[in-house]
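Based on the hints, put chain B in the right spot on chain A.
Here the protein sequences line up with chains A and B, keeping their order.
Using this note's numbering, the first residue of the first sequence is number 616, and each one after it goes up by one.
Using this note's numbering, the first residue of the second sequence is number 338, and each one after it goes up by one.
Quick caveat, the hints were computed from the structure, so don't treat them as lab data.
None of these values were measured; they are calculated from a predicted model.
Don't take each hint at face value.
On the chain A side, residues computed to face chain B include the following (Cβ under 10 Å) [what the hints assert, rightly or not]:
| hint | residue |
| --- | --- |
| 1 | Ala698 |
| 2 | Arg705 |
| 3 | Leu706 |
| 4 | His725 |
| 5 | Gly730 |
| 6 | Ile745 |
| 7 | Asp850 |
Glycine included, every Cβ here is placed at the ideal spot set by N, Cα and C.
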Amino acid sequence: MSVVLLEARNIGKRFGGVQALKDVSLTIRAQEIYGLIGPNGAGKTTFFNVMTGLYPRDGGEVLFGGVPLELDTPYLVAQAGIARTFQNIRLFGNMTAIENVMVGRHVRTHVGVFGAILRTPGQRAEEAAIRRRAEELLHYVGIPHRANDLARNLSYGDQRRLEIARALATEPQLLALDEPAAGMNATETVALRKLIEGLRADGLTVLLIEHDVKLVMGLCDRVAVLDYGEKIAEDVPAVVQKNPKVIEAYLGGGSD
Amino acid sequence: MSMSTKKWIGLALVALALLALPLVLTSVGTAWVRITNLAILFVFLALGLNIVVGMAGLLDLGYIAFFAVGAYVYALLASPHFGLHLPFWVILPLGALFAGMAGAILGAPTLRLRGDYLAIVTLGFGEIVRIFLNNLSQPFNITNGPKGITRIDGLNIAGMDFVNTHTLFGIPFTGPAKYYYVLLILLLLVIVVNLRLQKSRIGRAWVAIREDELAAKAAGINTRNMKLLAFAMGATFGGIAGGMFSAMQGFVSPESFILHESILVLAMVVLGGMGNVWGVIAGAMLLSFVPELLRYTVDPVQQMLFGKLLIDPEVLRMLIFGGALVLTMRFRPAGLWPESRHKLEMSENRS
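Next up, chain A with everything else stripped away, as it sits in the complex:
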């Protein structure tokens, strides 16, 4: 339980004159649900983007299972075992739900152009396995009946689920969810919570950016708080909640 899975060391990121991340270091242990919270603009999503290689970083490194991640090539990050979702859902809109998940299998499958053209037995077996796994994952996230619908036609909640299914298809060890409950109603949030708890029970580690403080406090084993690009706290939710710096960050200090 206390094996370190991901260790971010002194991550720095600057956009022009704005220091979006300032020497952020944090450690995520295997099979925990780790929350990353903070006020708007604190740098949570930037941290996600740097960690998954979508933004170039200005400094620092990320160790995953003790090995440095190759942050310049995002697909290698996925291959290493980190999958993510996006705050503003990014699905392949004109592909069906099941195809979206099948795309996620890409990184774990191998058949190339010639296999596809010749439709070799190996290719057919792999293709069938991809489809089977995609069906299972749609079932797992609870939308098997939407398999053949275009992703853009799914409801908001289903799109969130589909994005999680696509992420799971890459067989991650760490699943990074960027505000998965944003825009969800109470019932959907409860269902989401169950889903995340199920993921952990199945051996996954979850990194969660979330605004819904109730969800975070109830769900996460540990929480880190970012404010103006700096980590101001990292501990179990009960302790973080009482941290004066955190309270000030959320409620505004005297200077405002």
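Chain B in isolation, oriented as in the chain A frame:
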């Protein structure tokens, strides 16, 4: 009658019609067989470009360059220019290979570009290739410059040449008719390859890149390699078309590979329906045949109506062309027969 029997009968009828087509057309005029052959070449080109533009979403305006590469590889290796006369089954694949490599090489510097910027750069590359062909006559005469390469060997299969008319079972087969059958076989291959790629792991990766490149990256797709692969595969089809073009025409010059042609092929893809193999084929056929039909009808119709020629067929052709594209964009922005992944999936589950 079950679905599959009906399907097979339908397929057999289509096959029969395709086989009989050149014989029927020959009786109208051999020119029509030639026109059909060129139309099939344009189908190759449109299907190749469809991989790049339709599936992977990379707007390529210099695609005709790969047609040129295929054509020149064939021309240089099967003409008196270098005194080389290699058999077509060596040069056609070689031309495809060279074109594919050219696709990857020209694609590599554009990997970070998207949309308009990609279009502008590929347009430039297309022109560069043409200008190269125009000027590679000094200091060593490689391409023979603007004069082009003449007396290119036609196809020759098992001692049967493709110039003279052969009579088989009392039916005369003209040169163009024979080319037609070769093209038909190649067409079948090209379509199968296209369909299979589309429904594979590779095809899905291409479409994913088209839909959202960043998400595709995050989902574990090596976007760099997949884009290069799309450029290379698309170019390969162009190379095959180019080789056949050389063999059929017996003559190539840089003039055949101008920007206009790239745009024409792109128009075929867009008009037919980006990403949908059958739509693209229909688009290519439409834009190949309609201008020819106009060529033969505009003149007599005007003579009949006005007693004289008011509008040159060539002018009217472009006018109708432009009008058709504008109307398509206005009323069917996804093309006449758009890609319908939804339906595709449904029919797959039923069978």
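> Given A/Leu706 as an interface hint, is the shortest Cβ-Cβ distance to chain B below 10 Å?
Replying inline: Since the shortest Cβ distance to chain B is 7 Å, the answer is holds.
>> Under 10 Å is the threshold here; is the Cβ of A/Arg705 close enough to any Cβ of chain B for the hint to stand?
In response: Given a least distance of 4 Å, the restraint on A/Arg705 holds.
> When the nearest CB of chain B is found for A/Asp850, is that gap smaller than 10 Å?
Replying inline: Given a least distance of 29 Å, the restraint on A/Asp850 is violated.
> Would the stated hint for A/Ala698 survive a check requiring a Cβ distance to chain B of less than 10 Å?
Replying inline: holds, 8 Å
>> A/Ile745 was flagged as interface toward chain B. Is the shortest Cβ-Cβ separation under 10 Å?
In response: For A/Ile745, the interface hint holds, since the closest Cβ of chain B sits about 7 Å away, which is under 10 Å.
>> The hint names A/Gly730 as touching chain B; please verify it with the least Cβ-Cβ distance against 10 Å.
In response: holds, 8 Å
>> Under 10 Å is the threshold here; is the Cβ of A/His725 close enough to any Cβ of chain B for the hint to stand?
In response: holds, 8 Å
In the structure shown, a violation is registered for the earlier hint numbered 7 alone.
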